[in-house]
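Listed below, chain by chain, are the residues.
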Amino acid sequence: MPTFVYMTRCDGCGHCVDICPSDIMHIDKTLRRAYNIEPNMCWECYSCVKACPMNAIDVRGYADFAPLGHSVRVDRDEEKGTIAWRIKFRNGKKDMDLLAPITTKPWGSGYPNLATAAAPSSEMRDSQLLFNEPKYIRMDEGGLHTLESNGLDMKEGVYY
Amino acid sequence: MAYKTIVEDNIDILVAGAGLGGTGAAFEARYWGKNKKIVIAEKANIDRSGAVAQGLYAINCYMGTRFGENNPEDHVRYARIDLMGMVREDLAFDMARHVDSTVHNFEEWGLPIMRNEKTGAYLREGRWQIMIHGESYKPIVAEAAKKSADKVFNRVCVTHLLMDESKENRVAGAVGFNVRTGNYHVFKSKTVICGGGGASNIFKPRSVGEGAGRVWYAPWSSGSAYGLMIGAGAKMTQMENRIVLARFKDGYGPVGAYFLHLKTYTQNAYGEEYESKWFPELQERVGIEYLDPEASHTTHRPIPTCLRNHAIISEVNAGRGPIHMVTMEAFQDPHLEEIGWHNFLGMTVGQAVLWAATDVDPKYENPELTTSEPYVMGSHATGCGAWCSGPEDVSPPEYFWGYNRMTTVEGLFGAGDAVGGTPHAFSSGSFTEGRLAAKAACKYIDDGKAEGIRVSDAQIQRRKEEIYKPLETYRLYSNEVVAGTVNPNFINPRQGLDRLQKLMDEYCGGFGVNYMTNDKLLNIGLKKMAILGEDLENVAAADIHELLRAWELKHRWLTSESVFHHTLFRKETRWPGYYYRGDAMKLDDKNWHVLTVSRRDPKTGEYTMEKAPLYHLVGDIEDKDLAKLKAEGHH
Numbered sequence: 085m086p087t088f089v090y091m092t093r094c095d096g097c098g099h100c101v102d103i104c105p106s107d108i109m110h111i112d113k114t115l116r117r118a119y120n121i122e123p124n125m126c127w128e129c130y131s132c133v134k135a136c137p138m139n140a141i142d143v144r145g146y147a148d149f150a151p152l153g154h155s156v157r158v159d160r161d162e163e164k165g166t167i168a169w170r171i172k173f174r175n176g177k178k179d180m181d182l183l184a185p186i187t188t189k190p191w192g193s194g195y196p197n198l199a200t201a202a203a204p205s206s207e208m209r210d211s212q213l214l215f216n217e218p219k220y221i222r223m224d225e226g227g228l229h230t231l232e233s234n235g236l237d238m239k240e241g242v243y244y
Numbered sequence: 004m005a006y007k008t009i010v011e012d013n014i015d016i017l018v019a020g021a022g023l024g025g026t027g028a029a030f031e032a033r034y035w036g037k038n039k040k041i042v043i044a045e046k047a048n049i050d051r052s053g054a055v056a057q058g059l060y061a062i063n064c065y066m067g068t069r070f071g072e073n074n075p076e077d078h079v080r081y082a083r084i085d086l087m088g089m090v091r092e093d094l095a096f097d098m099a100r101h102v103d104s105t106v107h108n109f110e111e112w113g114l115p116i117m118r119n120e121k122t123g124a125y126l127r128e129g130r131w132q133i134m135i136h137g138e139s140y141k142p143i144v145a146e147a148a149k150k151s152a153d154k155v156f157n158r159v160c161v162t163h164l165l166m167d168e169s170k171e172n173r174v175a176g177a178v179g180f181n182v183r184t185g186n187y188h189v190f191k192s193k194t195v196i197c198g199g200g201g202a203s204n205i206f207k208p209r210s211v212g213e214g215a216g217r218v219w220y221a222p223w224s225s226g227s228a229y230g231l232m233i234g235a236g237a238k239m240t241q242m243e244n245r246i247v248l249a250r251f252k253d254g255y256g257p258v259g260a261y262f263l264h265l266k267t268y269t270q271n272a273y274g275e276e277y278e279s280k281w282f283p284e285l286q287e288r289v290g291i292e293y294l295d296p297e298a299s300h301t302t303h304r305p306i307p308t309c310l311r312n313h314a315i316i317s318e319v320n321a322g323r324g325p326i327h328m329v330t331m332e333a334f335q336d337p338h339l340e341e342i343g344w345h346n347f348l349g350m351t352v353g354q355a356v357l358w359a360a361t362d363v364d365p366k367y368e369n370p371e372l373t374t375s376e377p378y379v380m381g382s383h384a385t386g387c388g389a390w391c392s393g394p395e396d397v398s399p400p401e402y403f404w405g406y407n408r409m410t411t412v413e414g415l416f417g418a419g420d421a422v423g424g425t426p427h428a429f430s431s432g433s434f435t436e437g438r439l440a441a442k443a444a445c446k447y448i449d450d451g452k453a454e455g456i457r458v459s460d461a462q463i464q465r466r467k468e469e470i471y472k473p474l475e476t477y478r479l480y481s482n483e484v485v486a487g488t489v490n491p492n493f494i495n496p497r498q499g500l501d502r503l504q505k506l507m508d509e510y511c512g513g514f515g516v517n518y519m520t521n522d523k524l525l526n527i528g529l530k531k532m533a534i535l536g537e538d539l540e541n542v543a544a545a546d547i548h549e550l551l552r553a554w555e556l557k558h559r560w561l562t563s564e565s566v567f568h569h570t571l572f573r574k575e576t577r578w579p580g581y582y583y584r585g586d587a588m589k590l591d592d593k594n595w596h597v598l599t600v601s602r603r604d605p606k607t608g609e610y611t612m613e614k615a616p617l618y619h620l621v622g623d624i625e626d627k628d629l630a631k632l633k634a635e636g637h638h
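The listed protein sequences correspond, in order, to chains A and B. Take the first sequence: its letter number 108 is residue 192 in the working numbering, and every next letter is one higher. Take the second sequence: its letter number 444 is residue 447 in the working numbering, and every next letter is one higher.
These aren't lab readings, by the way, just hints derived from the structure by calculation. Treat the hints with care, as some may be off.
[Stated by the list, open to error] Per label pair, the in silico range of CB-to-CB distance: (1) Ser193(A) / Asp450(B): 33 to 43 Å; (2) Gly96(A) / Gly71(B): 47 to 57 Å; (3) Gly259(B) / Arg157(A): 21 to 31 Å; (4) Lys164(A) / Glu341(B): 13 to 23 Å; (5) Glu454(B) / Ser205(A): 23 to 33 Å; (6) Tyr480(B) / Asn175(A): 46 to 56 Å; (7) Ala321(B) / Gly96(A): 54 to 64 Å; (8) Glu635(B) / Met223(A): 30 to 40 Å; (9) Ser205(A) / Met588(B): 55 to 65 Å.
Being a predicted model, the structure only gives us computed values, none of them experimental. Beta carbons: idealized from backbone N, C-alpha and C, even for Gly.
Start from the sequences, fold in the hints, and give me the full structure.
Structure below.
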C-alpha cells in the first residue's frame, strides 16, 4: 500500500525524502510537511516509515485490492539492533507482535579497512582470488575451486 | 538552462548504480586499487537502493562448501536445468566458487544469519538458500561500499555512458543529473562498472491504479543496466528470457520459504493436485532431457521454474483456478507460523498489509497464488544481460576477451542484473560479481588499457541538451493548452509508460494474452515500438522528478526493444510458462541450443542478431543419483 503522512505528526525534517528509493516522498512547499507524490510508484517498502523520527508515516493498502481498516506498524531501532512489528487485521481478530534482530554488531563496526589492509602480492593479483580468499571461502586451508581441481571440462553442444 | 555542470575528473572506477552488484564492486575495488579513485553514482540513496532496499529474509545463493554441502559445479547443474540449458556456465561456476566468501564477509559485518542448532551450519531453507534476518541487509552492505569509495553521489541518475573519442568502442565515464538540485553531473572515468537494475513495469502489471507500484521486482528497477549498456553499443544476451513469477496473489509475497522450509504445497480450487497431469504433454514439447518428473522426485534435480508455471497457467485456463497455497497444515505450528509472517515483513511488507486488510489468516485458509506479469532481469531464475567475458582459467575462447565481467565495450564492466547468462546469482551472487568486476577493472587500468582517453566538450554539451530536452519540451508547449495533461505536442512519462506496457503485454507475451506471441505479433510490435521511440523524443517533464521518470522510461524502452528482437530471433518455445511462441511451440535443441546475442548500433539504431555457442561443464559432475536410476533401467 502506499504511504501517507499524518499532518499533526510530521515536522518536515525530510528523513523520508532522503531515504525513499522511489523518489516519491517530497516536501509540500506550502504545508512544509512530507507527502507521497506518486502512490502508484510506491512499493510499500517501509523505508520511509522506518526512517521517520516522528512516527508520522503509515501505510494504507493499495486501493485497488486492499480494503480499509488494517494496520502494519514498525519500530526499527539501530541501537538495540532490533525491528518490532505490529500487525492488526481489519476484523480485529488477529493482533500480532513480532520482533527480529537487524544486526549482530554495533552499527558501523565489523568492517575491514581495505585502504590500509596489507596490499595483495603480484601473485595474488595474477590469480583468481578475491579479498580474504581463499581463507573465507571455506574458513579453513582449502583452496579455490578450478576446473582442474574438480575434474571438469567445458564442452560445446548439448550436455545430455 | 540554469542548472550547473559539475565535473568529477580523474576517476579510475565509476560504479553506476549501487544495489548489491554495485556495492560489491565499490567495496572490492579498494583492496586491488589502494590509490585508485573510486566513485559511486546512484539515483536513490545507497542505504536503501536497488532490489534489496526493503530487505531479504533469505540468501538464495550459498554453496556451503565450508559445511561440506555443495560444490560450484552442483550450482551450475542446478541453474542450467532450471533455465532449460541456457546458462553461461563459465560465469556461473566462477560466481559460485567465490560466493561463500562474500556471505562469510556479510556475517562478519553484522548480518544476522540463522544457524541450525544441531549441526552448527547455517540454517537451510532449501538446498541453496540460507535464512537470515535481513531487514538491514542493504544498509549493512552499503556501509562497506561507503568505507571503500572516495565519493558517493546519491540522487544522481546516470542517463548515458561517455565514450572515448580517441579509440572506438571504449568507455570514458558517464553523465546524469541530480534529481534534487537538477544539476548536470559529468563523471570522467577510466572504467565504468554498471550496477544498474533489471526491469519491472515494462509489461502491463496485473495491478491497476494506485496498486501499480505493487510489482514483484522493485518499481525503481527501470532497466537502467540495459538502457545504459545498449545505448553504448554493448552486446546483450538472452534478453528474450523474461521471467514470470508464481506468487501470492496481489501482494506478490515470496513463496520460497513457504515451499522449502514450511513445506506448504499447491492445489487447485477443488483441492486437487494438478501439476503432474500437465507434464506428459509438456514433456512431448520440451523433451525428457528437460522434464523428467521421475528423476526430479528421486534426486535433487528440480523441475524447471517455467514448467511449474506452465502447469499453473494451464490449470487456471482449464477453469479450475485459483491455485491455492496449502498453508493450513504448516501454520498450526506456532513457530512455522511466525516464520511465515517474518518472511513477508523481512522482504515484502505489502503482502502482510494485504492479508491484514483482507483478514487472510493462513492458519485457517489457504491463500491464493497467481502468475505475475513478466520481468526482464538477470539474477533470479532468468539470465538477461550483457555479453561479458568470463575468467581466464574457465572460459572457452568464445567467452573470453581479457577481463572478467567486461562487456564488449572496452572498460565497461557489469555486475548483477547487468551480466547476461548468469541466473540464480541473487543478492550474494550479484555482490560477488561486483567484486570480480572490480578486480578485473583494476587490472585493466594497471595494464595500461585506459591510456589516452579523450572526451570532447562537444560530447558533454550534446548529452546535456539531450538530458534536459523533456523540460524544454514542457516549457515550450505546456501553455498552449488551458490545463491538464492532454497536449498535442507531447506525452508525459506516465502516458509513455502506459503505452509501453500495453504494447509489451499484447505483442510480446504479457499476462493479458496468456504469455503468448508469434512472429507476426512481434513484427507488428516492433513497428509500434519504433513509433513510440519517436514519440519519446517528445516526452515532456514538468519538473526534475518527472525528468527522472522520463529517463527511466527511455531506459525501459531500450530494454523492451531488445526483448522484442531477441524474442523474434529465437524461433522456438524454450521456456513454456515464461512465454510461448505460437508459431514454434516446441523446444528445438537442434537449431536453438545456443545463446542469443544482439547488438544495437548506437548511431543507426539497427539491430544485428547472432547465435553464440553454448558450452557446458562436463566431467565429475554427472548426476550420480540420476546415473544410478538409469543403470537400474528406469530410462
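Here's how the hints hold up against the structure:
no.: 1; hint: Ser193(A) / Asp450(B): 33 to 43 Å; result: 37 Å, holds
no.: 2; hint: Gly96(A) / Gly71(B): 47 to 57 Å; result: 56 Å, holds
no.: 3; hint: Gly259(B) / Arg157(A): 21 to 31 Å; result: 26 Å, holds
no.: 4; hint: Lys164(A) / Glu341(B): 13 to 23 Å; result: 20 Å, holds
no.: 5; hint: Glu454(B) / Ser205(A): 23 to 33 Å; result: 25 Å, holds
no.: 6; hint: Tyr480(B) / Asn175(A): 46 to 56 Å; result: 51 Å, holds
no.: 7; hint: Ala321(B) / Gly96(A): 54 to 64 Å; result: 55 Å, holds
no.: 8; hint: Glu635(B) / Met223(A): 30 to 40 Å; result: 39 Å, holds
no.: 9; hint: Ser205(A) / Met588(B): 55 to 65 Å; result: 56 Å, holds
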